[in-house]
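Participant: What follows is each chain in one-letter form.
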Amino acid sequence: MKSVIKGTGYILVHTPDMVLHNGTTQTTERIVNPDGEYLKELPKHIRTYEEALSYWPNQVYIGNKTPQELAAVEQPWYDKTCDMNDRFGRFGQIMPQEEFILLMQACDVFELIYLDKDFVAAHKGELAANPLIDETIMARINEGVDKAEVERLVKEEHSEGLYNKGVLVGAVNRAHDIDTNLSAHVMLENIVSKASSVLSLLAAVHNAGIAKSEVEYVVDCCEEACGDMNQRGGGNFAKAAAEIAGLTGATGSDCRGFCAGPSHAIVEAAALVAAGAYKTVVVTAGGCTAKLGMNGKDHVKKGMPILEDCLGGFAVVITQNDGVNPEINLDILGRHTVGTGSAPQAVISSLVTDPLDRAGLKVTDVDKFSPEMQNPDITKPAGAGDVPLANYKMIAALSVKRGDIQRADMMKFIAEHGMTGWAPTQGHIPSGVPCLGFVRDNMLKGNIHRVMVIGKGSLFLGRMTNLFDGVSFMVEANDGKKEEAGVSEDAVKSLIAKAMKDFANTLLAQEEKK
Amino acid sequence: MDLENQKRVKEFAEKYGPENVVVLLGASEGEASGLAAETVTNGDPTYAGPLTGVQLGLKVYHVCEPEIKKEFDPEVYDKNVGMMEMVLDVDDISNEMKPIRDQYCKF
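Just so you know, the protein sequences line up as chains L and H, in that order.
Residues in the first sequence are numbered from 567 upward in steps of one, following my numbering.
Residues in the second sequence are numbered from 491 upward in steps of one, following my numbering.
Extracted from the complex, chain L is given alone in its bound form:
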């Protein structure tokens, strides 16, 4: 049984105040250089919600524009207004901060978040009007507390403030007096991840057109860890988010691998479905406050707006082969092994050309490659270059070395088999998977047939190993053959009956010979 991509969800959350208060570039600067120019300048570079809506890459992320349309827009993009500024797209939505703070409170099951009651009253109706948010989630919203109580919590109880337009509107309490793993800071990061994962799950399940009850398993592949001092990464974000999203028939688990996490998770989910363990598995990930404004210093220095002002989230619904949707071909997997080494050449070979060789395919047999799809508008001014383009150049250069293409055709290969990056720099979020919505669309239309998704992860950041990591998988257009789900009971009975009949006939024949 093959597994197919039944639907995808892609969401962004515009969180300008979290850039200032929760992004690690800013929190670090507040410690080492509190009176510096950067912190003074920064607030002038924050975008409004409307500006974030009309930002080209954001409209691509939620599916209102395509990567092809984006590629036709001259870079940089931050100074251009997209002709589409809808907050809802075919893959998901761009949620404003007000609604998200309320959603965070709905996702808090330990009475850790206290919101100013005036803020709740002012914005509750907005969240209720969100088509993905149902009554069960709205019923979780408390009426809130007096502003003075919120202020007291932040001042006296080590709570983390939640701000909106520069005003304190809520507090996230610590969940333990001593345990740093349950500090207010960690709880805020984890509830943000959970809430954005919930929104991604809701979008994906809705887009896949399935009932929530059909989801049997959820795999979370974000880069946060939840647990206490006795089991720091105990988990389980997947089940926690599934609960709020109303996936009552699901359990789940967390899969981690830095930015390679989503690719690992999709391979695992596809394998679970292919093996028949579960019929419907959703891979999900919420966003990361720490990375908000990560390259802010360079953006401010260059007079640009802070482009890393949105949390990202995605979810992918993987089901049994329906004869229609694109298949995840588990026969063509690439993996960076312990012995691969960290030279870029070895990395790209292990992820791209080795699996193709095993399948008897050439690089040019793959219509599109989807490596790390970071938005170059964000990374180029920060000195990190155009990440997808760098990956495509490596694939092209390796293809030249192998003789698959001519050196003079490198740029042509990149234009034909590559895509321009559009995903926010939220670590795991841009890693390969942002393409899946468009891949599904284009395979259903018959425009493309084979796409390789490549996830890579910097494991050394965890200081447990110096190894690099990566995994790739192939998505292919469905060949239209619907498979039977295993052998039915009737079929087994008839097989046994036939075998017994054959056996009896053989015995009879032997008797007759005597």
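There is no bait here: all hints are sound.
Okay, derived cross-link-like pairs now, PhoX-like style, lysine-lysine, Cα gap no bigger than 20 angstroms in a straight line: (1) L/Lys967 x H/Lys569; (2) L/Lys1047 x L/Lys1011; (3) H/Lys549 x H/Lys500; (4) L/Lys967 x H/Lys559.
These aren't lab readings, by the way, just hints derived from the structure by calculation.
Add chain H to chain L, keeping to what the hints say.
Facilitator: Same frame as chain L, now just chain H:
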């Protein structure tokens, strides 16, 4: 340059003596290479890390620069760096690296 890497470079320079340390970069483009080179010679230009105001003056090269390429066994170099050499703008990287070495390198 990553704060942790700055710390490690500083520790190596203290442990082995700055004259005995060569920093080899693999950054993907010129500006980032130049910034890293500046950090290990004249100090952290972003004033954020342990090398802020520390002028180590270390020898620093990008692995694609011809000066360092000739130090490698060509076969090993081709196997490990050949593909990246085709990808990177080596001239741009060299143009960023040379002036910094000329100005700040003490060895």
